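Asker: Chain by chain, the residues run as shown.
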Amino acid sequence: MIKQHVSGTVYGVVLNDHASLRKIGSETLEAAPYKGAPKAPAMYIKPANTRVACGSVVCLPAGATAVEVGATIGLVMGRAAGRLSRDNALDAVAGIVLAGDLSLPHASYYRPAIREKCFDGSLPIGSVKPLVDLGKLVISTEIDGKVVEQRSLADLVRDPAQLLVDVSEFMTLGQGDVLLVGVSYMAPQAVAGSQVKISADGVGSLQFSIAGAQA
Amino acid sequence: MKRGRIAFQGAIHQVTQAADGRVELADGRLLNETDVQWLPPVVPGAVFALGLNYADHAKELAFKAPEVPLAFLKGPNTIVGHRAKTRRPADATYMHYECELAVVIGKTGKNLSKAEAMGIVAGYTVANDYAIRDYLENYYRPNLRVKNRDGCTPLGPWLVDAADVPNPMALKLTTRVNGKTTQEGTTADMIFDIATLIEYLSSFMTLNPGDIILTGTPEGLADVKAGDVIETEVEGVCCLVNTIVDDATYFATV
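Chains L and B, in that order, give the protein sequences. Position 79 of the first sequence, counted from 1, bears residue number 79 in our numbering, the numbering being contiguous throughout. Position 89 of the second sequence, counted from 1, bears residue number 1089 in our numbering, the numbering being contiguous throughout.
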């Protein structure tokens, strides 16, 4: 099997776990501007400038003082995949990566959040590991040595196979593209000087630190 | 100079436009533009699109003009070349074109001032940023299911050198559906001009060669149906042709 690198576009999704849906609240989701819970996956794109390796120092963009650390797993596509079915969806996945999807805090998901989600270095990402059973995988986030979040992928609204089905229904994923399976609503925040570690059993760990805006 | 990319006789070629309008290969062969398979004129890097960047269009959609650029991103799956066929799904009731001036970045840039911004532009082409409004949802709107569908962002045919477009902020935009003009506007009516968009985007992310900014569309949207031929043209840049097809045609096994 050819080892697959992350070489394409990274796609992510918000509000793909029950805890996040509870946190934002059904009252908020039913009211303006959302006017209803999401039907299709609520997606965003992390372009190439956002990707940095384990061990990186991520500088905040000018004017920012904190980042949300959206710990998640990315499905790395081993081949081009369109209109997948549940039966074959995971066959298109070459491996998985740990990712720290960094966002400047934004409480509203109404408009695309390009500055908040696409600043340089806003996607520390690990090396590609073999696909494991993600059904009960627990992802831990530590900031400065203290565990600030533990989330289980058992809580996902769309599991990895279903997410691949619903995304590839309208867009073909390319070889080397990555689909992140979801981040927590209002995830824990790190600030300049924070040391961050994201880990999951069997997938290893990803570490990076946060620095203030470059002059 | 107008540059393009085509597939011809089993290879990808970088081509230029000859004086008589034909497609010229590097070895001097001249081809008719209908005899080649057009690819997007550049391999797309990060593709940005602008929502509500023309005041009349914002009003048409009943939104007030944004205070900061309403930018969103597209993946490479949605970009197709000149004379491609774009699918209108069977359940769509309102699918509209958007004629846009596309700015192609030619140099790396970060934290650029407005005065520096135009210096990283390689050139210009034309985009048709289709949207299917049936799939609009209010999460990161316009959402990817509306704006990042396979083959829903035709681009091309030519990349025109920046030097050949002395004032990109005064170009006429025209869309014709089956030969009838349905959309007219001018880039002079952009809310955030090209230099401002580059200054804004480069304030938080590095722009790289191959990145593309689709600068938004003026008013004049209309539903398009299978079989319609849509021409989106920007004065002094190029005219991009696309044909809408239904599911049966798009997915037909030949």
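By construction, these hints were calculated from the structure, which means they are not laboratory data. You may find that some hints are simply not true.
Stated by the list, open to error - If you want a taste of the chain B side facing chain L, the calculated C-beta under 7 Å gives, among others:
1) 1003
2) 1043
3) 1046
4) 1071
5) 1144
6) 1150
7) 1174
8) 1250
Claimed, not checked - Between beta-carbon pairs, the in silico distance windows are:
9) L/36 x B/1225: 24 to 30 Å
10) B/1067 x L/129: 40 to 46 Å
11) L/62 x B/1229: 44 to 50 Å
12) B/1247 x L/22: 52 to 58 Å
13) B/1034 x L/35: 33 to 39 Å
14) B/1134 x L/86: 23 to 29 Å
15) L/152 x B/1188: 52 to 58 Å
16) L/62 x B/1067: 49 to 55 Å
17) L/30 x B/1196: 50 to 56 Å
18) L/62 x B/1179: 26 to 32 Å
Remember, predicted model here, so these are calculated numbers, not experimental data. Note that CB positions come from ideal geometry on N, CA and C, so glycine has one too.
Asker: Among all the numbered hints in the text so far, which are the ones the structure does not match?
Answerer: 1, 2, 7, 8, 12, 13, 16, 17, 18
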